Amino acid sequence: METTINETENQFFSNKKKGIDIKGKFVVGITQVAVLLIIAILFIILGIIVYEGREKFSWEFISSFPTDGMTKGGIFPALIGTFILVVVMSIAAVPFGTITAIYLTEYAKENSKIAAAVRFSIRTLAVVPSIIFGLFGLGFFIQFMGTGMDKAFNGGELHWGQPNILWASLTMSLLTLPVIIVSVEEALKTIPRELREASLALGATKWQTIKNVVFPGSVSGIMTGTILAVSRGAGEVAPILFTGAAYYLATLPKSLSDQFMNLGYHIYIMSTQSSDVEKTMPIQFATTLVLLILTLSLNLVAVIIRSRIRRRAK
Amino acid sequence: MKNIKIEVKDLSLYYGEKKALKEISLEIPRNKVTALIGPSGCGKSTFLRCINRMNDLIPDVKITGQMLVEGIDIYDKNVDVVNIRKKIGMVFQKSNPFPKSIYENIAYGPKINGIKDKNELDEIVETSLRQAAIWDEVKDRLGDSAMGLSGGQQQRLCIARTLAVSPDIILMDEPASALDPISTSKIEELVHELKEQYTIIIVTHNMQQAARTSDYTAFFYLGELIEIGKTNAIFTKPEQKQTEDYITGRFG
Numbered sequence: 057m058e059t060t061i062n063e064t065e066n067q068f069f070s071n072k073k074k075g076i077d078i079k080g081k082f083v084v085g086i087t088q089v090a091v092l093l094i095i096a097i098l099f100i101i102l103g104i105i106v107y108e109g110r111e112k113f114s115w116e117f118i119s120s121f122p123t124d125g126m127t128k129g130g131i132f133p134a135l136i137g138t139f140i141l142v143v144v145m146s147i148a149a150v151p152f153g154t155i156t157a158i159y160l161t162e163y164a165k166e167n168s169k170i171a172a173a174v175r176f177s178i179r180t181l182a183v184v185p186s187i188i189f190g191l192f193g194l195g196f197f198i199q200f201m202g203t204g205m206d207k208a209f210n211g212g213e214l215h216w217g218q219p220n221i222l223w224a225s226l227t228m229s230l231l232t233l234p235v236i237i238v239s240v241e242e243a244l245k246t247i248p249r250e251l252r253e254a255s256l257a258l259g260a261t262k263w264q265t266i267k268n269v270v271f272p273g274s275v276s277g278i279m280t281g282t283i284l285a286v287s288r289g290a291g292e293v294a295p296i297l298f299t300g301a302a303y304y305l306a307t308l309p310k311s312l313s314d315q316f317m318n319l320g321y322h323i324y325i326m327s328t329q330s331s332d333v334e335k336t337m338p339i340q341f342a343t344t345l346v347l348l349i350l351t352l353s354l355n356l357v358a359v360i361i362r363s364r365i366r367r368r369a370k
Numbered sequence: 096m097k098n099i100k101i102e103v104k105d106l107s108l109y110y111g112e113k114k115a116l117k118e119i120s121l122e123i124p125r126n127k128v129t130a131l132i133g134p135s136g137c138g139k140s141t142f143l144r145c146i147n148r149m150n151d152l153i154p155d156v157k158i159t160g161q162m163l164v165e166g167i168d169i170y171d172k173n174v175d176v177v178n179i180r181k182k183i184g185m186v187f188q189k190s191n192p193f194p195k196s197i198y199e200n201i202a203y204g205p206k207i208n209g210i211k212d213k214n215e216l217d218e219i220v221e222t223s224l225r226q227a228a229i230w231d232e233v234k235d236r237l238g239d240s241a242m243g244l245s246g247g248q249q250q251r252l253c254i255a256r257t258l259a260v261s262p263d264i265i266l267m268d269e270p271a272s273a274l275d276p277i278s279t280s281k282i283e284e285l286v287h288e289l290k291e292q293y294t295i296i297i298v299t300h301n302m303q304q305a306a307r308t309s310d311y312t313a314f315f316y317l318g319e320l321i322e323i324g325k326t327n328a329i330f331t332k333p334e335q336k337q338t339e340d341y342i343t344g345r346f347g
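So the sequence lines, in the order shown, correspond to chains A and B.
Note that the numbering used here numbers the first sequence so that position 104 is 160, with each residue one more than the last.
Note that the numbering used here numbers the second sequence so that position 30 is 125, with each residue one more than the last.
Some hints here could point you the wrong way.
As the list claims (entries may be wrong) - Only pairs whose alpha carbons sit at most 30 Å apart, straight line, appear in this in silico DSSO-like list of lysine-lysine:
1. K211/B with K157/B
2. K213/B with K100/B
3. K245/A with K113/B
4. K157/B with K245/A
5. K169/A with K290/B
6. K267/A with K182/B
7. K195/B with K245/A
8. K157/B with K172/B
9. K267/A with K213/B
10. K290/B with K234/B
11. K262/A with K325/B
12. K182/B with K336/B
Hints in this document: simulated from the structure, not taken from any laboratory.
Quick caveat: nothing in here was measured; it's all calculated off a predicted structure.
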């Protein structure tokens, strides 16, 4: 008996040795090249940005206004503008997104047509090109809402019917809404059924259960969603192109009806609209570096929180 | 008749098309322990969850017949399910404390019922924990997370949490199936003490447990109630062949 087994084993191994599996090697090779290529591209991009931006990148660069027709100085107003944008955007999008997610996971019946329509809308919203959001913001918020507000409250005097932080933030919040909804939904689903049942069995109403048990358990999901949305919002330019971003402002915005400067838009301006593109190269790179650090670190935080949620789900 | 707490008449339950409970009729006596036994999937847990309307949460469930608690049909349109669940507590198979402190776990129910006074809550927390025989183990760390307790302690905490809303009836769905023998015997002792004040219905897989803890036993098989009677009688001379086969371990 033993010899038979050994013989088959030998045959099995020798067979494998004899024929060279060209097809297999080819597939493995292709995948390895692809992986290396992606890593290389990432490092080349990051490398160039860090290398070219390192000289200009300093505290002074971050904390001072542009000077000399934006060929010198820093990016302080663009940074602050981006900050205000994402804050106002979050104030609009986070509660709205959270409430939608709670409806979808907690209240909507499995075969509900409304929920299906909402889900379809969210998915569609997530793939709409960002420039469309920009145009929508211009048409809906500025021309319809803004002009309407001016007519109603200001006797037609132009105040809200023009690009400003509020409209840009609201436009951006539409873009980031799907990110928030999906994150919160994911977190809500990790709350075990047993905990909901425990609460209901004690005579809690559905709303009390959501408020006291489900919602506290999904705070981290709301945070992840918010951070991802903020990081997305900080990096997008197209939605604010027509709705509030300014080429250059000598002062920081004072109210929601003011225009603002923005990091992404600043890069675009510097690299295409500047009087001397060559001269502003270091500023462009350093600004890009700031934007990258901002979005990458936000994403990193989101990834960490999300992995904690996933661990809890198991 | 005064000593009947729950009267079930022709209760059937459908999951969509599938009939999971078939015309169940039985009476559950007051301040006694009634055990529901039967093989997995026989409908005993489903039946238990009918008593506090937990099955309401599952889509596509249809229930016919009557579930009279103190003479009131709890499936009547005018009955508020929230009040039903306050009067009929439930302890689950898997201990499910909230990820909150021990104190907050117990105070959860009373707080939902609108009790805000700190002294009153303190008192309820202590009484409930004492009743569930876990007070001495946790009295010095009420602020600690309930998740840090052992499995047996968690389950007794869940019992205390149920007692805190002062129910009349306590439903237990295999409360000791995930516990070690020592924790199990503590739960069983507890059941014994609690029946002075509460009507207890306990689902169990464990025949010895049913024999030890209960006064009455109901045997379920394939969604039907085969037999109900005094535990002594069921275990010594069951009337139905199926009950005997199950109890003697011939199937299940």
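Comparing the hints with the structure gives:
1. K211/B with K157/B: 38 Å, violated
2. K213/B with K100/B: Distance of about 34 Å is beyond 30 Å: violated.
3. K245/A with K113/B: The hint holds at about 27 Å.
4. K157/B with K245/A: OK: K157/B and K245/A at ~26 Å, within 30 Å.
5. K169/A with K290/B: 48 Å, violated
6. K267/A with K182/B: Measuring from Cα to Cα gives roughly 22 Å; hence the hint holds.
7. K195/B with K245/A: Since the Cα atoms of K195/B and K245/A sit roughly 19 Å apart, the hinted pair holds (cutoff 30 Å).
8. K157/B with K172/B: 14 Å, holds
9. K267/A with K213/B: 21 Å, holds
10. K290/B with K234/B: 24 Å, holds
11. K262/A with K325/B: 38 Å, violated
12. K182/B with K336/B: The given pair, whose Cα atoms are some 37 Å apart, is violated under the 30 Å limit.
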